[in-house]
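*Asks:* What follows is the residue order along each chain.
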Amino acid sequence: MGEIIEVYSEYSGSGILMVLFFVGLIYLALVERDRSVRTLLVYGSISLIATIFQPVVFYLYTTYVDGPTYWRMWWMIPIGIGLAYAGTKLISKHQTTGFLLVLAILALGGKAVYSGAADAKTAENIYQIPQAVVSIADELENREDAVVYAAFPPEMLIFIRQYDVAIRMPYGREMLDENWGGSSGFYQLMSSPELDFEKLAEKCDYNFTRYLIVDGNKSFLNQPQENGFEQIFMYEKYIVYEYTRIDWEQRQLELEAN
Amino acid sequence: MQTLQQVTCFILWLGLVPLLAGVIPSHFIEKKHKSIGLIYLCGFFMMFAVFQLTAVPFIVGKRTLTELSFSYTIVMEIISVAGLIVAVISIVKHSIEEYLIIFEKVKRSKQEYVAWIIFLLLLIFQMVMSVCIMTPDGDDAYYVSHAVISDQQDSMFLKNSYTGGDGILDFRHVLAPFPMFIAMLARKSGMHAAAVAHTILPVALIGLTYLVYWKLADLLFEKKQENVPIFLVLISGIQIFGNYSVYTSETFFLTRTWQGKSILANLVIPFVFFVLMAIIRRTEKGKESVGKGVGGCFFLLLLANLTGALASSLGLLLLLILEGVFFLVIAIRNHRLWLLPCGLLSLFPCYLYILLYVLGGA
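For the protein sequence lines, the chains are A and B, in the order given. Heads up: the first sequence begins at 1 in the numbering used here, then just goes up one per residue. Heads up: the second sequence begins at 1001 in the numbering used here, then just goes up one per residue.
If you are wondering where the hints come from, they were derived from the structure by calculation, not from laboratory data. Among the hints, erroneous ones may be present.
If you anchor each label on the Cβ, the simulated ranges turn out as follows [to be verified]:
#1 Ile16/A x Met1001/B: 25 to 35 angstroms
#2 Val1128/B x Val19/A: 29 to 39 angstroms
#3 Ser219/A x Pro1057/B: 53 to 63 angstroms
#4 Leu1120/B x Leu255/A: 51 to 61 angstroms
#5 Leu221/A x Gln1153/B: 30 to 40 angstroms
#6 Glu10/A x His1033/B: 42 to 52 angstroms
#7 Val56/A x Leu1340/B: 16 to 26 angstroms
Okay, the calculated bits of chain A under chain B, using three or more residues with CB under 8 angstroms as the criterion [said to hold, decoys possible]:
#8 42-50
#9 81-87
Quick caveat, the model's predicted, so the values are computed rather than measured. Ideal Cβ placement from N, Cα and C applies to all residues, glycine included.
Given the sequences, and given the hints that come with them, work out the whole structure.
*Replies:* Given below as C-alpha cells:
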C-alpha cells in the first residue's frame, strides 16, 4: 500500500487540484440529486479509486505490465470532469463571485502548463525543431550526395532524426534515457565539457563518422586540425567538422559494392 | 501550389472525411435531430478505428506506407460515400431541419453568452499556443522520427528511429501505430511529418477534445444547458493550470498533444465517459423501456477502444479496467444486468490486441 501512496504522491505533485477533486467528490456525494451523474462521477470514481489502491492490482500491473508507469492508472479517474462539474454547480448558484473564485483557485493552486514545461520556448519554425538543427542538417544534406554519417552533441540528439532521417548517427537518443543500460564511448566523449579530438578521431575512424558537430563554447583539449578534422562551417555556437583521414569516396564505393 | 495542396488535404482529411464518415455511427445513436458536432466526433473515431484495423496487418506484414495509405483511402472513401448516401436519404425523407440541429433555437442569457465567449477565447489561446510554443519531448525521437521515416523511406517500424540503423518490429509500438497516421497525413499533404505532428495535429486534437467535453456537458447538464459553457470554461482552466505534476493528463494534453498516450488520456478516455454517460442516461433505473440508441453507444465504445489501441498499447489495459469497473457499477445501479455481456463484447479490441501483444512478445 505504501508504494501505491508513493505513486499517488508523485502524481498529485505540488498543487492542490487533487485535494480539490476529493473535496468536490464529497460535495457531489452529499448534494448531487441527479442519479445518473452520481453513477458516473461519484460511484464510478470511488470504484476506480478503490481499484487503483488495491495492492493486488498494483502487484499485477508492476509485475506483468509496466513497472514504472503505474501513475498512468490515475488517467482513468475523471479528475478534471468531476472538478469542473462540482465547480459549475457552485458557480451556477453564485455566478460572478463563484466564477472568479474558482478561476483564482485554479490559477493559484495549479501550475500553468506552459510555464511548467521546462524546455518550452517560442517555436522557431513550423517543425517546432530548433533552427540550429534544421540549418545544420540542411547544410550537410547539400554537401553530401549519399547518406550523411554524423555525430551530434547531446542537446541535438532528440531532434536530428525528427527532421532528417537520411542522417545516420553512431549513437542516438537512447543515450539520454535513464532506463538505457548500454553506453557509447563516442557519446561520453561528445558530452564531456572538454573535447578530446584525438580520441574523437579514433571513434570517427571506428564508426566511419564523416561529420562532427560540436559546441564551440566547450574547451578543446587538443587541436581539431591536428587530428584530421577540418572545419567546414559554423552555425551560431556550433562548429561542423569533416573528418578527413578516411577516403570517403572509396568508402562509398565499398558500401555500394556491399 | 503546394500550400493549396496542403490546405485542401487537411480540410478533406480533418474536416470533410470525418464529417461524412460520422453519419453512419451517429445514425445508430440518433436518427433525427442530430448535432453536427456529434457526427464529426463519431467520424473521427470511425477514422481512427478503421486506421487501426487497416494499419496493424500492413505493419506486421512489413508492407509499405504507400500500400497502407492506398488501402486506407479506399476504405474511407467507401465509408464516406455510404455516409453521404445515408445523409441524403435521411434529409430527403425528413427535412434538413428535422435531420440536423443547425441552429439551436434557445433563448440564452447574457451570462451564458459571456461564458461562451470566455470559453472560445481560452480555446483559441490553447490552439495558438500549440502552434507558437514548442515543448520538446524526448519520446518524439521515437514517435515523430518513425512518422518521418515512414513518410520519407516508405518502411514502417523497420528502422532504428534513434540512429538510422536497421531495427526490429517492436510489438509494443507496432500495435499502437498512431505515428503511421501522422505519416499518412504527411504523405497526402506533402508537408513534413514533424510539422504535421507538432503544428497541424495539435490544433485539430485540441478542438476535438473540447468537442468531447461539450457533448459530455450536454449530457451532464441535461436539464440545465445554461451550465454547459461554465463547465467548458472550468475544464479549459483545469487543462491550462493542470501541470501540478509532470504525470497529469493535463500536462500531456498541452505539451505532448500529438503523442498516442496523450490522445488516450485526453481524447479517448473523456469520449468513453461521454458514451458511458449516454448509456447511463438511456438505461436509468425505473424507466420502463431502455432509451433509443443504446446499441449505437456500444458501437461507439467499440470505436473508442480501437482508437485507444491505435494510441497506446498500454491504453488497452486502462480501457479494459475503466469500462469493466463502470459496467459493473452501471449494471448494479440501474438494475440492468444485461449491460455486462454487451460491455464485454464492446471490449473485444482490448482482448484482441492484448493477446497479439503477448503472442508478439513471445
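*Asks:* Work down the list of hints and note, for each, if the structure agrees.
*Replies:* Structure-based check of each hint:
Range check, Ile16/A to Met1001/B: about 53 angstroms between beta-carbon atoms, so the 25 to 35 angstroms window is missed. Separated by about 31 angstroms at the C-beta atoms, Val1128/B and Val19/A satisfy the suggested range of 29 to 39 angstroms. Restraint check, Ser219/A to Pro1057/B: a C-beta distance of roughly 54 angstroms satisfies the suggested window 53 to 63 angstroms. A hinted range of 51 to 61 angstroms for the beta carbons of Leu1120/B and Leu255/A is consistent with their spacing of about 57 angstroms.
The supplied range of 30 to 40 angstroms is met by Leu221/A and Gln1153/B, whose beta-carbon atoms lie about 38 angstroms from each other. The supplied range of 42 to 52 angstroms is met by Glu10/A and His1033/B, whose beta-carbon atoms lie about 46 angstroms from each other. For the hinted restraint 16 to 26 angstroms between Val56/A and Leu1340/B, the CB-CB distance of approximately 22 angstroms keeps it satisfied. Judged by the Cβ-Cβ criterion of 8 angstroms, the region 42-50 of chain A is covered by chain B as claimed, because 4 of its residues qualify and three suffice.
Beta-carbon proximity to chain B at under 8 angstroms applies to 5 residues in the region 81-87 of chain A; the threshold of 3 is reached and the given coverage holds.
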